[in-house]
Amino acid sequence: LYWLYKHLALSDIMPPKGKAAKPTDVVEKVVQKKPATKALKAKSAVQKGTHATKSRKIRTTVHFRLPKTLKLARKPRYPRYSTPYRNRMDHFRIVKYPLTTESAMKRIEDHNTLVFIVDKMASKPQIKTAIKKLYEVDVSKVNTLNRPDGEKKAYVRLAPDYDALDVANRIGII
Numbered sequence: 016l017y018w019l020y021k022h023l024a025l026s027d028i029m030p031p032k033g034k035a036a037k038p039t040d041v042v043e044k045v046v047q048k049k050p051a052t053k054a055l056k057a058k059s060a061v062q063k064g065t066h067a068t069k070s071r072k073i074r075t076t077v078h079f080r081l082p083k084t085l086k087l088a089r090k091p092r093y094p095r096y097s098t099p100y101r102n103r104m105d106h107f108r109i110v111k112y113p114l115t116t117e118s119a120m121k122r123i124e125d126h127n128t129l130v131f132i133v134d135k136m137a138s139k140p141q142i143k144t145a146i147k148k149l150y151e152v153d154v155s156k157v158n159t160l161n162r163p164d165g166e167k168k169a170y171v172r173l174a175p176d177y178d179a180l181d182v183a184n185r186i187g188i189i
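Under my numbering, the first residue of the sequence shown is numbered 16, with each subsequent residue one higher.
It is worth saying that the hints were derived from the structure and are not from the lab.
Be careful, since some hints might not be right.
Beta-carbon label-pair distances, calculated as ranges [what the hints assert, rightly or not]:
{"id": "1", "residue 1": "ILE186", "residue 2": "LYS139", "range": "39 to 47 Å"}
{"id": "2", "residue 1": "ASN158", "residue 2": "ARG74", "range": "26 to 34 Å"}
{"id": "3", "residue 1": "PRO163", "residue 2": "TYR100", "range": "28 to 36 Å"}
{"id": "4", "residue 1": "LYS135", "residue 2": "ILE73", "range": "34 to 42 Å"}
{"id": "5", "residue 1": "MET104", "residue 2": "ARG74", "range": "48 to 56 Å"}
{"id": "6", "residue 1": "PHE79", "residue 2": "ARG108", "range": "16 to 24 Å"}
For lysine-lysine, the following DSBU-like pairs were computed, each having C-alpha atoms within a straight-line distance of at most 35 Å [unchecked claim]:
{"id": "7", "residue 1": "LYS63", "residue 2": "LYS53"}
{"id": "8", "residue 1": "LYS58", "residue 2": "LYS90"}
{"id": "9", "residue 1": "LYS139", "residue 2": "LYS156"}
{"id": "10", "residue 1": "LYS156", "residue 2": "LYS168"}
{"id": "11", "residue 1": "LYS90", "residue 2": "LYS63"}
{"id": "12", "residue 1": "LYS72", "residue 2": "LYS58"}
{"id": "13", "residue 1": "LYS111", "residue 2": "LYS121"}
{"id": "14", "residue 1": "LYS167", "residue 2": "LYS121"}
{"id": "15", "residue 1": "LYS111", "residue 2": "LYS148"}
{"id": "16", "residue 1": "LYS135", "residue 2": "LYS147"}
{"id": "17", "residue 1": "LYS143", "residue 2": "LYS121"}
Virtual Cβ for every residue (Gly too), placed ideally from N, Cα, C.
All chains, full assembly: derive it from the sequences and hints.
Written out as structure tokens, the structure reads:
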């Protein structure tokens with residue numbers, strides 16, 4: 016009974032004037048009130064919020080690292096370019112012309128090597144694929160040098176099963 020007096024208000028226990036209090040009435044009222052008090056507690060918890068007893072994060076270093084946030088993929092509403100990207104460095108632009116100097120002819124005869132003037136921006140693998148496409152030969156290696164006049168010279172060594180003299184005749188150098 017002490018528990019009942021402690022947890023209920025006096026108006027819940029006290030009978031109206033002129034009526035005597037019965038122990039069964041009090042117990043019935045307690046049973047009826049219990050869900051209501053639970054609901055009231057839940058209501059007050061919602062109103063207060065759960066942030067009242069926030070625990071602090073323990074920092075282990077003195078440096079602050081920005082947390083990794085969500086990075087969404089781009090979804091453009093319209094294309095930024097009217098036409099798709101086209102590779103302008105094709106094999107016709109890479110190889111400009113073959114060199115026909117005396118030293119180039121000597122390389123053709125002695126070292127099985129063709130000499131070309133190529134685009135300044137062309138790399139060795141690009142030169143190799145361009146020569147393969149244009150002249151239908153296998154290339155073993157490519158050496159390049161930038162000339163003082165600003166051109167790039169490529170020494171294209173052919174595979175042993177191809178003869179540089181035959182290729183030069185087919186091109187029209189000799």
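Hints versus structure:
1. In this structure the hint that ILE186 and LYS139 lie 39 to 47 Å apart at CB is violated, the actual value being about 20 Å.
2. Between ASN158 and ARG74 the beta carbon distance is about 58 Å. The supplied range of 26 to 34 Å is therefore violated.
3. Here the CB-CB span from PRO163 to TYR100 is close to 34 Å, well matched to the stated 28 to 36 Å.
4. In this structure, LYS135 and ILE73 break the distance hint of 34 to 42 Å, their C-beta atoms being roughly 59 Å apart.
5. Taking 48 to 56 Å as the suggested C-beta distance range, the pair MET104 and ARG74 conforms, at roughly 53 Å.
6. For PHE79 and ARG108, the Cβ-Cβ distance of about 51 Å falls outside the hinted range of 16 to 24 Å, so the restraint is violated.
7. Among the hinted pairs, LYS63 with LYS53 is consistent with the structure: their alpha-carbon atoms are about 15 Å apart, no more than 35 Å.
8. Taken as a hint, the LYS58 and LYS90 pair is broken in the structure, with Cα atoms around 43 Å apart against an allowance of 35 Å.
9. Among the hinted pairs, LYS139 with LYS156 is consistent with the structure: their alpha-carbon atoms are about 8 Å apart, no more than 35 Å.
10. With a CA separation close to 14 Å, the supplied pair LYS156 and LYS168 stays within the 35 Å bound.
11. Straight-line distance between C-alpha atoms of LYS90 and LYS63 comes to about 41 Å, which puts the hinted pair past the 35 Å bound.
12. Annotation: proposed proximity of LYS72 to LYS58 holds, straight-line Cα distance about 28 Å (limit 35 Å).
13. Of the supplied pair hints, the one linking LYS111 and LYS121 holds, its CA atoms being roughly 21 Å apart against a limit of 35 Å.
14. A distance of roughly 19 Å separates the Cα atoms of LYS167 and LYS121; the hinted pair therefore holds under the 35 Å criterion.
15. Straight-line distance between C-alpha atoms of LYS111 and LYS148 comes to about 14 Å, which keeps the hinted pair within the 35 Å bound.
16. For the hint linking LYS135 to LYS147, the alpha-carbon distance of about 19 Å falls within 35 Å, and the restraint holds.
17. With a CA separation close to 21 Å, the supplied pair LYS143 and LYS121 stays within the 35 Å bound.
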